[in-house]
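These two chains come separately, so use the hints to put the complex back together.
Line by line, the protein sequences give chains A and B.
Take the first sequence: its letters are residues 16 to 127, numbered as in this note's numbering.
Take the second sequence: its letters are residues 11 to 126, numbered as in this note's numbering.
A couple of the hints might just be wrong.
[To be verified] Label pairs and their computed distance ranges (CB to CB): (1) A:S84 - B:V98: 33 to 41 Å; (2) B:S94 - A:L124: 28 to 36 Å; (3) B:S75 - A:S110: 23 to 31 Å; (4) A:K30 - B:D66: 42 to 50 Å; (5) A:I33 - B:T36: 36 to 44 Å; (6) A:Q24 - B:V98: 14 to 22 Å; (7) A:G32 - B:V98: 28 to 36 Å; (8) A:G56 - B:D72: 24 to 32 Å; (9) A:S84 - B:T36: 39 to 47 Å; (10) A:T43 - B:E89: 34 to 42 Å; (11) A:K30 - B:S106: 32 to 40 Å; (12) A:S110 - B:T36: 28 to 36 Å; (13) B:S77 - A:Q29: 44 to 52 Å.
Worth flagging that the hints you see were computed from the coordinates, not collected in a lab.
Glycine residues also receive a C-beta, built at the ideal position from the N, C-alpha and C atoms.
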Amino acid sequence: QQQVKQSPQSLIVQKGGISIINCAYENTAFDYFPWYQQFPGKGPALLIAIRPDVSEKKEGRFTISFNKSAKQFSLHIMDSQPGDSATYFCAARVSGYSTLTFGKGTMLLVSP
Amino acid sequence: DAGITQSPRHKVTETGTPVTLRCHQTENHRYMYWYRQDPGHGLRLIHYSYGVKDTDKGEVSDGYSVSRSKTEDFLLTLESATSSQTSVYFCAISESRAGFGQETQYFGPGTRLLVL
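Just chain B, with the same shape it has in the complex (with noise of 0.2 Å):
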């Protein structure tokens, strides 16, 4: 895994609490991507970003809400995690929009999430 990291691994919570889940690179890239996956859907885009402070929604943000205070560290917040939001959670990041092979998406190991 590309210098990926997140954290926790694995997670358990109850219905309305607040979950935050975080993602490390140790690799400089620009963009960082957070997605879930769930089984007949595939990966779903829920937030982006393109650089600090700068996110932007994906296919499947609501319930959902991002940070980024350092190129390094992307944090994806559950404000009132819902039985719904039970999947295995991945970041991802890229260095480039584009060209040459920088627009490869490097994923991290995940984050399974269970909430009861």
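Only chain A is shown next, with the shape it has when bound in the complex (with noise of 0.2 Å):
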């Protein structure tokens, strides 16, 4: 059972333009909700990370989205770059655990 769903599964967006990632959750006890991004051949890092008692947080380009009520977050890249172009992954931790449960991931790609 998928605890987080992420969409879509690949992107394409010209230089210059929003990118938008969505995920989804069911599980009320998540309270921790961070981006991973990953470049082929290299292992994911930590990009940005949102907890629930804030709606959005922003750095740099990137900014995420948080909606507690819908149970939505989502990953904002302004002014996309073809230095984006990566997979990204959200995830999201249950309280007072180490562990997190990731999204199937994003593919994006920004054209130049």
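Structural data, given as structure tokens:
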């Protein structure tokens, strides 16, 4: 049973455009929601993370929007660049636990 | 990569043979994890460790065992490899369960395993 549903599976965006990746969850015990970025041949790396006490977190061109009532959160990449082309994973963690549940990933291609 | 090495980086083996993958960290982090990554499935947790000799199962633990005799090393063993275990295996580490950014998981470079 997939606990974190991620969409879309793949995404093509023009350079300078906005990339949006969405995740939804059911488990209300989740209290930490990170996004990871993975380049081909590399391990995933933390990009940005949010806790449910805030509705938005911004770091440079990357923003997480969090909707607690809808149990959804999304990653927005503003002014997308070819260097942002990677696979992005959302994840969630149950309060008090150390393990993460990952979405299935979104392959983003930013065309020049 | 935050002081995490995985060995081997690539391995080809035959069905039925035992395989051991090693994860080594120099960060002295308490938590260590093994994931597998497969197309269409994302990252799935196999086993994890919360201290020396303390391990627990993840989502896809069948066919895998782990051991952690030292803080810095976490071994993943496929007792009798099957073709369904062909995958990319990632090790990850973290300092804490929660609080002040310490819960970030840092991933190693991965091991690509092919079981023929």
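Hint-by-hint comparison with the structure:
1. A:S84 - B:V98: 33 to 41 Å: Roughly 37 Å apart at Cβ, these two residues keep to the hinted range, so it holds.
2. B:S94 - A:L124: 28 to 36 Å: holds (29 Å)
3. B:S75 - A:S110: 23 to 31 Å: holds (29 Å)
4. A:K30 - B:D66: 42 to 50 Å: holds (44 Å)
5. A:I33 - B:T36: 36 to 44 Å: holds (39 Å)
6. A:Q24 - B:V98: 14 to 22 Å: Once the Cβ atoms are compared, 18 Å apart, the range 14 to 22 Å for B:V98 and A:Q24 holds.
7. A:G32 - B:V98: 28 to 36 Å: Given about 30 Å between the Cβ atoms, the range holds.
8. A:G56 - B:D72: 24 to 32 Å: Check passed, 28 Å falls within 24 to 32 Å.
9. A:S84 - B:T36: 39 to 47 Å: holds (43 Å)
10. A:T43 - B:E89: 34 to 42 Å: Between A:T43 and B:E89, where Cβ atoms are some 38 Å apart, the hint holds.
11. A:K30 - B:S106: 32 to 40 Å: Given a distance of about 38 Å, which is inside 32 to 40 Å, the answer is holds.
12. A:S110 - B:T36: 28 to 36 Å: Hint holds: Cβ distance 30 Å, inside 28 to 36 Å.
13. B:S77 - A:Q29: 44 to 52 Å: About 49 Å separates the Cβ atoms of B:S77 and A:Q29, which means 44 to 52 Å holds.
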